[in-house]
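The hints should help you fit chain B onto chain A, whose structure is shown.
First to last, the protein sequences are chains A and B.
For the first sequence, counting from 1, position 53 maps to 53 in UniProt numbering; every step adds exactly one.
For the second sequence, counting from 1, position 120 maps to 120 in UniProt numbering; every step adds exactly one.
The set of hints was computed from the structure by calculation and includes no laboratory data.
Honestly, I wouldn't trust all of these hints.
[Said to hold, decoys possible] Derived SDA-like pairs (lysine to any residue); straight-line CA-CA distance at most 20 Å:
| no. | chain 1 | residue 1 | chain 2 | residue 2 |
| --- | --- | --- | --- | --- |
| 1 | B | K54 | B | Y23 |
| 2 | B | K46 | B | E222 |
| 3 | B | K59 | A | D51 |
| 4 | B | K180 | A | L23 |
| 5 | B | K59 | A | N73 |
[Stated by the list, open to error] To list a few chain B residues with every Cβ distance to chain A over 10 Å, as calculated:
| no. | residue |
| --- | --- |
| 6 | N82 |
| 7 | A120 |
| 8 | S141 |
| 9 | N184 |
| 10 | R227 |
Each residue gets a CB set at the ideal place from its N, CA and C atoms; glycine is no exception.
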Amino acid sequence: MTRILTIFFCVCIYVCSFAKEPLQNEDFTSEFKKLNQLESIIMANPNFTVDSVIKEQPQLLKDLGINSETKSNIGDDDPMKPAGFPAFWWGFCLGIWGILIVYLITDNNKAALNKTVKGCITATAIGLGVYVIAIVGSLIAAAATSPY
Amino acid sequence: MNFRTFLFLTFLLPSISFGQQFYRFRADVSIKDKLSNGSYRLTMGKIYYDKIYKKIVYKLIFPKKETMVVQDTTMFSINDKNIVTGTTRTFLIPEFTAFHLALTGQLSDYGLRPKNNEKAIYKIGKVEKTPTGVITTWVASEEQYKKVFGNIRMQTVNKRLDAMVFYNAKGVVVSQQYFKKYVNVKGVEFPTEVTMVSISEKGEKNIQLTTYKNVTIDQNTEDEIYRYKIPLTKSAAAKK
Chain A
1 MTRILTIFFC
11 VCIYVCSFAK
21 EPLQNEDFTS
31 EFKKLNQLES
41 IIMANPNFTV
51 DSVIKEQPQL
61 LKDLGINSET
71 KSNIGDDDPM
81 KPAGFPAFWW
91 GFCLGIWGIL
101 IVYLITDNNK
111 AALNKTVKGC
121 ITATAIGLGV
131 YVIAIVGSLI
141 AAAATSPY
Chain B
1 MNFRTFLFLT
11 FLLPSISFGQ
21 QFYRFRADVS
31 IKDKLSNGSY
41 RLTMGKIYYD
51 KIYKKIVYKL
61 IFPKKETMVV
71 QDTTMFSIND
81 KNIVTGTTRT
91 FLIPEFTAFH
101 LALTGQLSDY
111 GLRPKNNEKA
121 IYKIGKVEKT
131 PTGVITTWVA
141 SEEQYKKVFG
151 NIRMQTVNKR
161 LDAMVFYNAK
171 GVVVSQQYFK
181 KYVNVKGVEF
191 PTEVTMVSIS
201 EKGEKNIQLT
211 TYKNVTIDQN
221 TEDEIYRYKI
231 PLTKSAAAKK
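Chain A extracted, bound-state conformation (with noise of 0.2 Å):
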């Protein structure tokens, strides 16, 4: 059984020394081959568009996924998470505020919105839940210490 035991312990510390610690960084450099290969295309001709290098290397293009309608990267935010926080949450804890911030934030999206309305419908339910219980154990308390 000792045995067992011990082997098993070598095995979970074996297991766990792959748990990597997520403050130290990976290497991507192996990620980005392919885009540092049209990053160098772009600094040898600074007037390359989209489509003058598709013209020059198609192949290159279609392996990462890059065609004509591809926008740049810049202020891209999940309308589902508004600020980086579920949509749902915002309703939740902020409730008609909640929905107002989403509304501006997602400009009118309205599946981000939906979830929102969710998250300010179960807290108000929540909330008169607690508030019924509370009247109800209070109006029994009552009855129970009542002389009549």
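Just chain B now, with coordinates in the frame of chain A:
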């Protein structure tokens, strides 16, 4: 040394040298993305930022020649004919960009430490000294914030911000950021390589690598770009 010189050197000189304010940042920027669906994106150009005007101006050369201006919470796309081709809401807040934090000397704690009279959203929960650096765990300052804001772990190496990990309220990693290859320009420490890994609820990863080159601090020329006036003319698509 007379008494006046002594007073100057003791009290006034340190306040002059340590209280230096930087206000402008310019660099060549290259933003590379690897998206979870396997596709890639590349954006290249120059970035201009003035902390007084609080406008971020991107003069892009790729994927197309256009200017993007972030002002308040709106991002304007302007084509090479100076016509606004699109406006979108963005949460690219100038105060939380690496260049604003570097200019104001707040990058080492990512601006999480509250300034005077500001209500803190985060407070320091734990500080650990490790062989790789100092790790600070920031926790939401109030119970109500903990429902929305998860912890942030931050590693500093030689007083420079090296890495950050953002957790959601359930303690799951949602984003990792790495700040590497620092340069010192006129006394401003700036990381020229910033990697951000965003992890979705399904565990899909988007990797973004931003590289800065030719960093210039407090540039006196190109004032019109730092001040960038949004043109009044809008394209038909932008009016919709």
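For each hint, the structure was consulted:
no. : hint           : in the structure
1   : B:K54 - B:Y23  : holds (10 Å)
2   : B:K46 - B:E222 : holds (12 Å)
3   : B:K59 - A:D51  : holds (19 Å)
4   : B:K180 - A:L23 : holds (13 Å)
5   : B:K59 - A:N73  : holds (13 Å)
6   : N82            : holds (18 Å)
7   : A120           : holds (18 Å)
8   : S141           : holds (15 Å)
9   : N184           : holds (21 Å)
10  : R227           : holds (20 Å)
Every hint, counting from the list given before, is met by this structure.
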